[in-house]
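Asker: Residue strings, one per chain:
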Amino acid sequence: GAGVSQSPSNKVTEKGKDVELRCDPISGHTALYWYRQRLGQGLEFLIYFQGNSAPDKSGLPSDRFSAERTGESVSTLTIQRTQQEDSAVYLCASSLQGDSYEQYFGPGTRLTVT
Amino acid sequence: GQQLNQSPQSMFIQEGEDVSMNCTSSSIFNTWLWYKQDPGEGPVLLIALYKAGELTSNGRLTAQFGITRKDSFLNISASIPSDVGIYFCAGRVAGNNRKLIWGLGTSLAVNP
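Residue numbers (the working numbering), protein chains in the order written: chain A, 1 to 114; chain B, 1 to 112.
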């Protein structure tokens, strides 16, 4: 398909384990965004990539969270030593350019930390 | 930090009724976007607005970029059951970085 894809769709992990969430943006989109959405809440910005660089990491909630992007394509969001408060849906979005106004979202990864 | 006030927080209406929701900002925006999120899905872009006063329609949906550049509204006419979902506004502060500021959403329920 031509849309943003994310994997896994669901992830259940034990407290203290590390998890990796993957995002495949729309081909040709140079900008990529990660958001967190807690149950019944709005979108919380985490990090933004332009190409493979992350000029804005201001939303990462702690140093347990990190993200990288390679080949101006796939991005991985890593959460180390997961905590129960990390449970949420993690959404990825991409846009044609960093200053392009329209972001297109993937279906999200639902993370549950037990 | 920047915040958007989106209202109402939730709505429960009868099929066929019109719906109106809005977002306001304390800052001047140069872009307003309206998204809809279905359960278990990511948000889907409905309408994008780029100019103050702009009025744009997408089927039964109409959105306007307020002339003060600090607000926007979304109207849905003749609602149908598939309009159920959460509607989010998002905007970009004029002269600021590329980060979108998001409202907290309006949850819409339609009684058939």
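Hints in this document: simulated from the structure, not taken from any laboratory. Owing to the predicted nature of the structure, the values given are computational and were not obtained by experimental measurement. Just to be clear, a hint being listed does not mean it is correct.
Short, incomplete list of chain A residues facing chain B, as computed with Cβ under 10 Å [stated by the list, open to error]:
1) Ser7
2) Ser9
3) Tyr48
4) Ala54
5) Asp63
6) Phe65
7) Thr76
8) Ser87
9) Ala88
10) Leu91
11) Glu102
12) Tyr104
13) Gly106
14) Pro107
All C-beta atoms in this analysis are idealised placements derived from N, C-alpha and C, irrespective of residue type, glycine included.
Asker: Against this structure, judge whether each hint is valid.
Answerer: A quick look at each hint next to the structure:
For the restraint placing A:Ser7 at the interface with chain B, the shortest Cβ-Cβ distance is roughly 13 Å, beyond the 10 Å limit, so the hint is violated. With a cut of 10 Å, the hint placing A:Ser9 at the interface with chain B holds, because the nearest CB-to-CB distance is about 9 Å. With its C-beta approaching chain B no nearer than about 6 Å, A:Tyr48 sits inside the 10 Å limit, and its interface hint holds. This hint is violated: A:Ala54 has a C-beta 12 Å from the nearest C-beta of chain B, more than the 10 Å allowed.
The interface hint given for A:Asp63 is violated, since its Cβ lies 20 Å from the closest Cβ of chain B, which is over the 10 Å cut-off. Because the beta carbon of A:Phe65 sits about 17 Å from the nearest beta carbon in chain B, more than 10 Å, this interface hint is broken. A distance limit of 10 Å between C-beta atoms decides the matter here; for A:Thr76 the minimum to chain B is near 18 Å, and the interface restraint is violated. Hint status for A:Ser87: violated, given a least beta-carbon distance of 15 Å to chain B, over 10 Å.
A hinted interface residue such as A:Ala88 counts as satisfied when its beta carbon comes closer than 10 Å to some beta carbon of chain B; here the least separation is about 13 Å, so the hint is violated. Interface restraint check: A:Leu91 against chain B, minimum CB-CB distance 5 Å, threshold 10 Å, status holds. A distance limit of 10 Å between C-beta atoms decides the matter here; for A:Glu102 the minimum to chain B is near 6 Å, and the interface restraint holds. The criterion of a C-beta within 10 Å of any C-beta in chain B is met by A:Tyr104, whose closest approach is roughly 7 Å, and the hint holds.
Interface hint at A:Gly106: satisfied, since its Cβ lies 5 Å from the closest Cβ of chain B, which is below the 10 Å cut-off. A cut of 10 Å between beta carbons decides the hint on A:Pro107: the least distance to chain B is about 5 Å, and the hint holds.
The structure fails hints 1, 4, 5, 6, 7, 8 and 9 (numbered hints given earlier, in ascending order).
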